[in-house]
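Chains as they are written, first to last, in my numbering: chain A, 1 to 230; chain B, 1 to 220.
Hints are computed from structural coordinates only; laboratory data are not their basis. Treat the hints with care, since some could be wrong.
Cβ-to-Cβ under 8 Å is the rule here; a few derived chain B residues that face chain A [said to hold, decoys possible]:
id : residue
1  : Tyr-3
2  : Val-4
3  : Phe-7
4  : Thr-9
5  : Leu-10
6  : Leu-11
7  : Leu-18
8  : Val-47
9  : Leu-63
10 : Asn-66
11 : Gly-79
12 : Leu-160
13 : Gly-161
14 : Tyr-191
15 : Tyr-198
Bear in mind that the values here come from a model prediction, so they are computed numbers and not experimental data. Positions of the beta carbon are idealized from the N, C-alpha and C atoms, including for glycine.
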Amino acid sequence: MIRDFSYSDVLILLRAAQWTVVLSLIAFVGGIVLGIVIALMRTARARLPRVSAMLYVELFQGTPLLMQLFVLFFGMNIIGLPVNAWTAAAVGLTLYTSAFLGEIWRGCLQAIPVGQWEAARSLGLPYLAQVALVIFPQALRIAVPPTVGFLVQVIKSTSLASILGFVELTRAAQLVNNATYSPLLTFSIVSAIYFALCFPLSSLSRRLEQRLAASGGKPQSVRHLNVAGD
Amino acid sequence: MNYVFQFGTLLREWPLLLDGLLLTMRLSLTAMVFGLAVGTVCAAASVYGGKVLRGGVRGYVELIRNTPFLVQLFMIFLGLPVLGVRLSPDTAAAVALTVNVGAYASEIIRAGIESVPRGQIEAGTALGLSRYLVFRHVVLKQALIAVYPALSSQFILLMLGTSVVSAIGAEELSATANSIQSRTFRAFEVYFVVTGIYLLLALFFRETFRFLYRRWTRQT
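With the hints as extra help, turn the sequences into a complete structure.
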């Protein structure tokens, strides 16, 4: 049964886009929290945390996100957790995001001169205070543009949850297309919705980067980190 | 947890996995070569081109970079037939990957071109080289060397991204994993092993790119 593409299909797509946004936010917030841990482990002086965080990053940056999602999806079943596309996607995207953000922030932390660490230590501050009061405020300045840029990547990556069967924007597009058979129209609208979500963020990231470069800070471009097949 | 891991059933499927691996390699290499060409032309157009050309490239790059690859893939595989262009899954995958990586490569190469000092171009012109020869031998070469690290990590991400084309039924590595798991029901084992193959492939590409870089920069 093929029906005509109508206004209600646009509403279906917009409603599904909400799930894209929710999934992106979960992955982004979770990725920030875990990513901070990864970045600190990567820059730690002790060997064990440094090496294990490096392996974590290698693993998530060296394998396709789609395969990570599948391994999680079926792996959860094995350890006795209920298999569910939504959880697998949320957890998978969070881990993936944390690896990339952790690696971006490692660069930002290492861009802070060693003298700053030494100064903080010589003031007698404990490690966490060194990080929170001296290093973070400086690293944050150079970390914001690439982090905002990576959020675009996260939004685009949520489209892979559709392959697991979770109905977000891309999956909804497939469903609408199956019912109406108007692929050009459906996927154009979907592209436009993704573009509306992503373009403001990537422009913002670029503007922040330019402002940082103008102020003499080191721009940390993540452009080369953008995943081609997200 | 009373799950018995069975990796043995996978071993019997190695010819299928090998076929998938070969298509993954073929798709990656095709998209790298053509993507590099598209990226170079677009980068040149956005640096030297007129207003219209620059705007066109800008639009292409922004559109690709701000929409998911999966949607671009569906657009080409499902959308183009409506306009009368019907592509096989493999061809559609290669085209979509090229169009996608071309946009990222264009941005990277443009940054490289802009990083070449003016004096180099003036020196090339002073030697009597035509504009094209200056671009080809003076600007492009230095630009590509400058952005080589960024470009090669983009290409590795592209290779990993090819797994997405399993969604339209191109029988590359991920798709073979899907079909093996639907026959053997050893889903976790299959995806675990295939993920490992991708990891090795990523390391292989990284080392190859490093090797090529060393050879290339030694010659020049």
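Phe-7 (chain B) was flagged as interface toward chain A. Is the shortest Cβ-Cβ separation under 8 Å?
violated (14 Å)
Practice problem: Against chain A, run the beta carbon of Tyr-198 (chain B) and see if the smallest gap drops under 8 Å. | Solution: With Cβ-Cβ at 5 Å, under 8 Å, it holds.
Hinted contact Gly-161 (chain B) with chain A - closest CB pair below 8 Å
holds (2 Å)
| query | Minimum Cβ distance from Leu-63 (chain B) to chain A below 8 Å? | reply | holds (7 Å)
### Message
Just to be careful: measuring from the Cβ of Val-47 (chain B) to every Cβ in chain A, is the smallest value less than 8 Å?
### Response
violated (17 Å)
Requested in this report: Would you check whether Leu-11 (chain B) satisfies its interface hint, that is, whether its CB is within less than 8 Å of any CB in chain A?
Outcome: violated (19 Å)
Proposed interface contact between Leu-10 (chain B) and chain A, which counts if any beta carbon pair is under 8 Å:
violated (14 Å)
When the nearest CB of chain A is found for Leu-18 (chain B), is that gap smaller than 8 Å? violated (17 Å)
ask   = Once the shortest beta carbon distance from Gly-79 (chain B) to chain A is found, is it less than 8 Å?
value = holds (5 Å)
So, as I understand it, the hint says Tyr-191 (chain B) touches chain A; can you test that by seeing if any CB pair is closer than 8 Å?
At about 4 Å, which falls below the 8 Å cut-off, the nearest Cβ of chain A leaves the hint on Tyr-191 (chain B) intact, so it holds.
Would the stated hint for Thr-9 (chain B) survive a check requiring a Cβ distance to chain A of less than 8 Å? violated (15 Å)
Does the closest beta carbon of chain A sit nearer than 8 Å to the beta carbon of Asn-66 (chain B)? It holds, given that the least Cβ distance between Asn-66 (chain B) and chain A is near 4 Å, below 8 Å.
The earlier numbered hints that this structure contradicts are 2, 3, 4, 5, 6, 7 and 8.
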